[in-house]
Amino acid sequence: MRKYRIFDVGQNSSYFNDESGTNFDNKAIINKVANKCYLPANAVLLENIKTHPDFKVSFSISGTALEQFEKTAPEVIDSFKALVDTGNVEILSETYYHSLSSIYNKEEFNRQVLLHRKKIRELFGVTPTIFRNTELIYSNEIAKMAEEMGYRGILAEGADHILGWRSPAFVYKPTGTNNIKLLLKHYRLSDDIAFRFSQRSWTGWPLTAPKFANWVSSHNGAGETINLFMDYETFGEHQWEDTGIFDFLKHLPDEILRNPDNNFATPSEVIDRYEVKSDLDVPNYISWADTERDLSAWLSNDLQKEAIKAVYALGEDIVHIDDLELLEDWRKLQTSDHFYYMCTKFWNDGDVHKYFSPYESPYEAFIAYMNVIQDMRLRLEAAKKKQEHNVQLHRVKPLRFSDF
Amino acid sequence: MVSSRSPSVLMFGWEFPPFNSGGLGVACEGLSKALSASGVDLTFVLPLKVPISASWCKFVFASEASEFVDETQITKLFSGYENINISASEAKKYGLPGSISGSLMQRVQAYALKAGSIAKQNKHSIIHAHDWLTYLAGIAAKKVSGQPLVVHVHATEFDRSGSDNVNKEIFNIELEGFRQADKIVTVSGWTKKKVVEKYGIPPEKVKVVYNGIDFKENSSSIEDNLKALKRDGNKIVLFVGRITLQKGPDYFVAMAEKVLAHEPKTYFVVSGSGDMEEKMIRSVAKKGLSSRFIFCGFLRGQELDRVYKAADIFVMPSVSEPFGLVPLEAMISDVPVLVSKESGVSEIISSALKSHFWDIDDMADKVVSVLRHQKLQGYLSKNGKEEVKAIHWKKAADSLISVYNSLDNAFSMFLLPSSPAFEGAKVSHL
Chain A
1 MRKYRIFDVG QNSSYFNDES GTNFDNKAII NKVANKCYLP ANAVLLENIK
51 THPDFKVSFS ISGTALEQFE KTAPEVIDSF KALVDTGNVE ILSETYYHSL
101 SSIYNKEEFN RQVLLHRKKI RELFGVTPTI FRNTELIYSN EIAKMAEEMG
151 YRGILAEGAD HILGWRSPAF VYKPTGTNNI KLLLKHYRLS DDIAFRFSQR
201 SWTGWPLTAP KFANWVSSHN GAGETINLFM DYETFGEHQW EDTGIFDFLK
251 HLPDEILRNP DNNFATPSEV IDRYEVKSDL DVPNYISWAD TERDLSAWLS
301 NDLQKEAIKA VYALGEDIVH IDDLELLEDW RKLQTSDHFY YMCTKFWNDG
351 DVHKYFSPYE SPYEAFIAYM NVIQDMRLRL EAAKKKQEHN VQLHRVKPLR
401 FSDF
Chain B
1001 MVSSRSPSVL MFGWEFPPFN SGGLGVACEG LSKALSASGV DLTFVLPLKV
1051 PISASWCKFV FASEASEFVD ETQITKLFSG YENINISASE AKKYGLPGSI
1101 SGSLMQRVQA YALKAGSIAK QNKHSIIHAH DWLTYLAGIA AKKVSGQPLV
1151 VHVHATEFDR SGSDNVNKEI FNIELEGFRQ ADKIVTVSGW TKKKVVEKYG
1201 IPPEKVKVVY NGIDFKENSS SIEDNLKALK RDGNKIVLFV GRITLQKGPD
1251 YFVAMAEKVL AHEPKTYFVV SGSGDMEEKM IRSVAKKGLS SRFIFCGFLR
1301 GQELDRVYKA ADIFVMPSVS EPFGLVPLEA MISDVPVLVS KESGVSEIIS
1351 SALKSHFWDI DDMADKVVSV LRHQKLQGYL SKNGKEEVKA IHWKKAADSL
1401 ISVYNSLDNA FSMFLLPSSP AFEGAKVSHL
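Protein sequences appear in the order of chains A and B.
Per the working numbering, numbering through the first sequence is continuous, rising by one, with the last residue being 404.
Per the working numbering, numbering through the second sequence is continuous, rising by one, with the last residue being 1430.
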């Protein structure tokens, strides 16, 4: 979202377009990450599948990201299609807008998951059966919601405070559900690649494929599945090409499969193959973010709470108004990143929040967001008046409640 | 270099509270007090004899004229911001010796003439001179004692007069001070950049030591007239500072016009005086905003505290601000602040809003947002106040001691290995 100012309110409603070439320019960013990460990484994976027909991988891609690629870098979509067509790649479900709706608005959550499902079917011709929520946000309640929507499996962070002495290397059952299984991210091994790969101060540096394969193999006998889950931009964007990350990715299948006890599997294959080890009770929300692994990255300060309250308050009326553009903008405003940028937890330390934020401070993020909300309110009022007017004129004009 | 002499500092200042016209005196008071509290033996030199009540260090006056009666006259006389000519008859009237009459430049030179004998009479291992007004005195002292010289840059001529109006004479004194100094201290990275770029000084010669502030709870009651305005639902946007080019008063007015277009129930309160005051008032009138501006003249102490209490946001649109103590005062009074990025203070506060001084739209956007969103105002107010607690003179003094120590390692006795200054000494700012 661009630096939307008070002067823009009521004057223009283009919140997301910016052609400045800066960190607000979505097109420029998409082009950059497509070339640095998505295209080269997809090429390596496709090659891996060709040389190792047993190599498996799965993706969770938001509808927003897919849309941006379609618009700016369609070759990225093609490269994902090629991967899915091999049959070795599973696509997971998530909310279309990478939102926090699972916490705030269950109906909206359902709609966004269905929208995403539809988009995946359209682009890739497959229907996902495994769900992963935004930022791995998870609780018993969310597992139940996914179960109700027909999913067989769900992903969550293998956070220490929920596992205790238990291992993330088994399949679990979410407390209060019957037909859905839980896969846990092995955060140590995942973060070895995602965060520590190029960290010279780390004892594991330099991380090579044989070394990593050894670590994985050392779990044999004490686990059934190692779920590696990471931001795809680890490959080429967070870890640049010159760190050797693509070579690592290229040689990983080779090294893992060198041990005959190892194999690769997609989440649904894991779920089919292994029995539930036990119930896992997660009454409070967890996520994969920051050291706290809770919701504090998006919802810890008053600014974040105020902003999210404001956007979901709009929803009560917006879903009953026949204005698809307004509805779409509202949904884009739900993307969790907006609230992430308002986080003040680590701002002083120049932490990851700062790295990822296009704004100079959390306050600027809040100000731009609330200006947009103000404009949305004006649009909503205008749309309501128009609709009331039409209803009065025609009395019988049917209202549309959703767009699918 | 091991020194057998006991570490001590001879410090040359120009003004000292309550006889000060600006931040220079406040900084000298804060630094000398904190240095003394850390055990540093300090002699503070002033050009004229004034009744100083500070008890933490020894004071020496370059001119032993009889004490003054008229405080405002003294304050004006000391001002490094105004070039006041004092006629011989005036000097006589105030009981001043003939040597201190004349232009500011003449008084600066008169001060330097006395510095040598002061250096001879007062034992010291470091000479420390504050701003160009005292550089010549510092250089003269160094010539006599041969001890290392630290010059402390609270502002450069470029900050005071803007790039087009630089006084060549002052510039040359500054340049000479920077060259003769063994170490240069600036009050911010912003000022360091000026010293490096405009004066061609190698960056490794310059250390940044941020100013501090005495954290004193503002428990004043809100000013009555402003209270009445607020009761009627009006918001208060506050400007405090000299009304001079450097402080960006014209940008404040332009911003006010934009804010009023969106938040008409806003008053803009201006505290301060200066050579652009009339121009500012005229421009407010020309834009038809007179009914929305309150000019209250130069306020200090409790009067100012009561105005802070009324403010919803404080704005400092300075074109060039070497440090900028005033926003910190506002933050102590629970007021959210918007400061220009062209200020030193913006480098050390994070619970604050920042804009370029010329970006009127950005400033107006931020001010309106604070006026509209209580959560934002509350957040900045609460966290800003907390933040200021960590910006104290002790921290500045510790950094200074590590600068002294780099010139005379007898000062290491004041540097505890665990002290933040020890850490600070290792981290180079900017």
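Heads up, a few of these hints could be off.
[To be verified] DEER-style ranges, computed between Cβ atoms:
| no. | chain 1 | residue 1 | chain 2 | residue 2 | range |
| --- | --- | --- | --- | --- | --- |
| 1 | B | 1361 | A | 17 | 26 to 32 Å |
| 2 | A | 296 | B | 1300 | 38 to 44 Å |
| 3 | B | 1374 | A | 210 | 43 to 49 Å |
| 4 | B | 1217 | A | 278 | 41 to 47 Å |
| 5 | B | 1202 | A | 81 | 47 to 53 Å |
| 6 | B | 1298 | A | 14 | 29 to 35 Å |
| 7 | B | 1273 | A | 17 | 45 to 51 Å |
| 8 | B | 1217 | A | 316 | 41 to 47 Å |
[To be verified] Dumping the calculated BS3-like pairs for lysine-lysine here, alpha-carbon to alpha-carbon at most 27 Å:
| no. | chain 1 | residue 1 | chain 2 | residue 2 |
| --- | --- | --- | --- | --- |
| 9 | B | 1143 | B | 1120 |
| 10 | A | 144 | A | 81 |
| 11 | B | 1395 | A | 309 |
| 12 | A | 3 | B | 1382 |
| 13 | B | 1143 | A | 305 |
| 14 | A | 36 | A | 309 |
| 15 | A | 3 | B | 1309 |
| 16 | A | 211 | A | 3 |
| 17 | B | 1395 | A | 345 |
| 18 | B | 1382 | B | 1341 |
| 19 | A | 144 | A | 386 |
| 20 | B | 1168 | A | 345 |
| 21 | B | 1143 | B | 1168 |
| 22 | A | 309 | A | 50 |
| 23 | B | 1227 | B | 1265 |
| 24 | A | 305 | B | 1120 |
| 25 | A | 345 | B | 1341 |
| 26 | A | 332 | B | 1375 |
| 27 | B | 1143 | A | 3 |
| 28 | B | 1382 | A | 309 |
| 29 | B | 1198 | B | 1309 |
| 30 | B | 1227 | B | 1375 |
| 31 | A | 345 | B | 1227 |
| 32 | A | 211 | A | 173 |
| 33 | B | 1049 | B | 1198 |
| 34 | B | 1375 | A | 345 |
| 35 | B | 1382 | A | 305 |
| 36 | A | 36 | A | 332 |
| 37 | A | 27 | A | 144 |
| 38 | B | 1382 | A | 345 |
| 39 | B | 1227 | A | 3 |
Read the hints as simulated data drawn from the structure, not as lab findings.
Only a predicted model underlies this, so the values are computations on that prediction, with no experimental measurement involved.
Using N, Cα and C, we set each Cβ at its ideal position, and we do this for glycine too.
Hints, verified against the model:
no. : hint                         : in the structure
1   : B:1361 <-> A:17: 26 to 32 Å  : 18 Å, violated
2   : A:296 <-> B:1300: 38 to 44 Å : 43 Å, holds
3   : B:1374 <-> A:210: 43 to 49 Å : 58 Å, violated
4   : B:1217 <-> A:278: 41 to 47 Å : 56 Å, violated
5   : B:1202 <-> A:81: 47 to 53 Å  : 58 Å, violated
6   : B:1298 <-> A:14: 29 to 35 Å  : 47 Å, violated
7   : B:1273 <-> A:17: 45 to 51 Å  : 47 Å, holds
8   : B:1217 <-> A:316: 41 to 47 Å : 44 Å, holds
9   : B:1143 <-> B:1120            : 10 Å, holds
10  : A:144 <-> A:81               : 31 Å, violated
11  : B:1395 <-> A:309             : 41 Å, violated
12  : A:3 <-> B:1382               : 25 Å, holds
13  : B:1143 <-> A:305             : 63 Å, violated
14  : A:36 <-> A:309               : 36 Å, violated
15  : A:3 <-> B:1309               : 31 Å, violated
16  : A:211 <-> A:3                : 45 Å, violated
17  : B:1395 <-> A:345             : 24 Å, holds
18  : B:1382 <-> B:1341            : 22 Å, holds
19  : A:144 <-> A:386              : 39 Å, violated
20  : B:1168 <-> A:345             : 48 Å, violated
21  : B:1143 <-> B:1168            : 24 Å, holds
22  : A:309 <-> A:50               : 49 Å, violated
23  : B:1227 <-> B:1265            : 14 Å, holds
24  : A:305 <-> B:1120             : 65 Å, violated
25  : A:345 <-> B:1341             : 23 Å, holds
26  : A:332 <-> B:1375             : 23 Å, holds
27  : B:1143 <-> A:3               : 56 Å, violated
28  : B:1382 <-> A:309             : 21 Å, holds
29  : B:1198 <-> B:1309            : 40 Å, violated
30  : B:1227 <-> B:1375            : 21 Å, holds
31  : A:345 <-> B:1227             : 35 Å, violated
32  : A:211 <-> A:173              : 32 Å, violated
33  : B:1049 <-> B:1198            : 35 Å, violated
34  : B:1375 <-> A:345             : 16 Å, holds
35  : B:1382 <-> A:305             : 16 Å, holds
36  : A:36 <-> A:332               : 25 Å, holds
37  : A:27 <-> A:144               : 37 Å, violated
38  : B:1382 <-> A:345             : 15 Å, holds
39  : B:1227 <-> A:3               : 34 Å, violated
The earlier numbered hints that this structure contradicts are 1, 3, 4, 5, 6, 10, 11, 13, 14, 15, 16, 19, 20, 22, 24, 27, 29, 31, 32, 33, 37 and 39.
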